[in-house]
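Just so you know, the sequences run in chain order X and F.
Under this note's numbering, the letters of the first sequence match residues 1 to 328, in that order.
Under this note's numbering, the letters of the second sequence match residues 1 to 328, in that order.
Everything labelled a hint here was simulated from the structure, so no lab data went into it.
One should not assume that every hint holds.
Copies of the same chain look alike in the list, so a pair counts if it works inside one copy or between any two.
In silico EDC-like links for lysine to aspartate or glutamate, alpha-carbon gap of 16 Å or less [stated by the list, open to error]:
1) 160 / 45
2) 219 / 245
3) 160 / 91
4) 160 / 269
5) 160 / 228
6) 219 / 273
7) 160 / 231
Please read all numbers here as calculations on a predicted model, not as lab measurements.
Number of protein chains: 2
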Amino acid sequence: MTVLVLTSEEDVTADLVVARLNGSGIPVVRLDPAELPGDVALSGEYVHGAFRGHLSVGGRLVSMGGLRSVWVRRPGVPGARAAEPSGWLTEEASQAFYGMLRGIGARWMNHPDAARRARHKPWQLHLAQRSRLPVPATLITTFPQAARDFSQRYPDLVVKPVSGSHPQEPPRVVPTSRVAPGVDFTAVAFGPTLLQRRVDKRADIRLTAVGPRILAARKAVAPDAHPDDVDVRFAPSDEPWRPVEVPARITEAVHRYLREAELAYGAFDFAEDADGIWWFLECNQSGQFGFIEMDTGQPIAHAVADWLAQESPDDDRSGQAHGPPGCP
Amino acid sequence: MTVLVLTSEEDVTADLVVARLNGSGIPVVRLDPAELPGDVALSGEYVHGAFRGHLSVGGRLVSMGGLRSVWVRRPGVPGARAAEPSGWLTEEASQAFYGMLRGIGARWMNHPDAARRARHKPWQLHLAQRSRLPVPATLITTFPQAARDFSQRYPDLVVKPVSGSHPQEPPRVVPTSRVAPGVDFTAVAFGPTLLQRRVDKRADIRLTAVGPRILAARKAVAPDAHPDDVDVRFAPSDEPWRPVEVPARITEAVHRYLREAELAYGAFDFAEDADGIWWFLECNQSGQFGFIEMDTGQPIAHAVADWLAQESPDDDRSGQAHGPPGCP
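Construct the complete structure from the given sequences, taking the supplied hints into account.
In structure tokens:
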């Protein structure tokens, strides 16, 4: 049974995982859907109530029924590298590629539906609440008056994008910023705005969940840090990430979150306050882990490889991959 | 409890459903997400482990916790009617709008995740097989040789798009066409191509499923019809759609399909052959029903309204809409 890795060629984090799989003798096929059609080809036949599909990459043929898992890492857009790319070709290639793979019953890290849902920040906040993770008071609004009321109850606020990164080419990360005092919030009428109580943090926490495994790292806030430096991705800091124990209550809540989100992988960001409480900021279903592994030595790539290599014990594919008996 | 209808202003099919709901005294809010921000506004607050959200349309305020169902009919793209539309605004508005609505626990026709998955034709074919619907032999391929082999086994083929309609503005429907004899299939290497055994049909069947209700209509093929006229949407015909009984086996299979697809609404197209077998062609999760209702008098709009009006008996929202107790 083969592991399918969907990512671009220059993805060095994927290299680590593939090397581990190779070392364990697990067959791996790595491809970028951007190369379909072209270096990547596919074929699937629906005959007599059964499906049989194949992928080929650089001339190597693999049966879709023989895939044990699919790692959706940093795949390109199907059709993007074709001789004549177009919106139509991308639609056709995407639907053919993911439409077939959706039916084969392999384990996904992460399944495209779960991944898409998990990107919705309001849904994340709601699920975090339900999973009993501490969530800083948050407002998402287009009502200036609602923003003003909120800022009176929570005078120290940050503002961040609802959706993540700006869709330019290449995408630009929009940092979380502190809201200046006295802002009148008239402009929120022009676009939904996410305001959140600023956590007076003493550390950032990055918790990486790989299936049931949880690895957390902590980066202390420097004593002379400016309170306006709220976004760890942009704050100047020499502090390294160090491994940290995860409180039992957080472990339970994270497992609840992932179970309900149907995610096999998630990178959680928390802010740790002076009382040691970890406040949920977000869960990025495709968050990077290379920089954490580099600082902490935590074996995240190994954990990913091990999860992908697993043969699911309750994996009864007979009905899924070959169709039930008695079909016309 | 209110029904939320997401569609454009000029949607006359929605008018029928809204009229029925109004007649039954069910509160309805109808809006086009394209008007957010603008005529449509939203606000959601995540405080003390609980979520409280509101929508406003033309100044009318509705609580998200008070929505019983959401009908995703023909919604515009969020942000599209803003004074300064942009990809960024659309991302922000989409994530805020659908991200909040995803968390409220209302019933959806259809849920955005289910709708998106259901558009994948390969997945449809596979699910139809598993649901024990007869599926004509189909190949989706970028291998010219696979196409040639298939055409030798099934010499009478049609070709159709994998993804549906061409993404131009306005979108163009690409008809299903008969494959001319002697084609050499070299061009399939340039884009995934869907080839299907042509069903020598004596009628087209449109089966509309609304929750548990199933209504089917049949349009006979005129005796003098040309065998190249394979696509009922484009074939010249004076035959009307007439109500038809659904075979028990098909009813069961359709219920299986919808259950697994998590769809509350589906418009199934079948081709009826000379033996009376209904061959599955596709299931459109947002298929039109106005033209069927017009010809047959089948009360589809009423069925939709009744489904939307239902209070779900097992609808325990306490945990979803207000958060579990004990949250920080």
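### Query
Hint by hint, which ones does this structure get wrong, listed from lowest number up?
Per hint list: zero violations.
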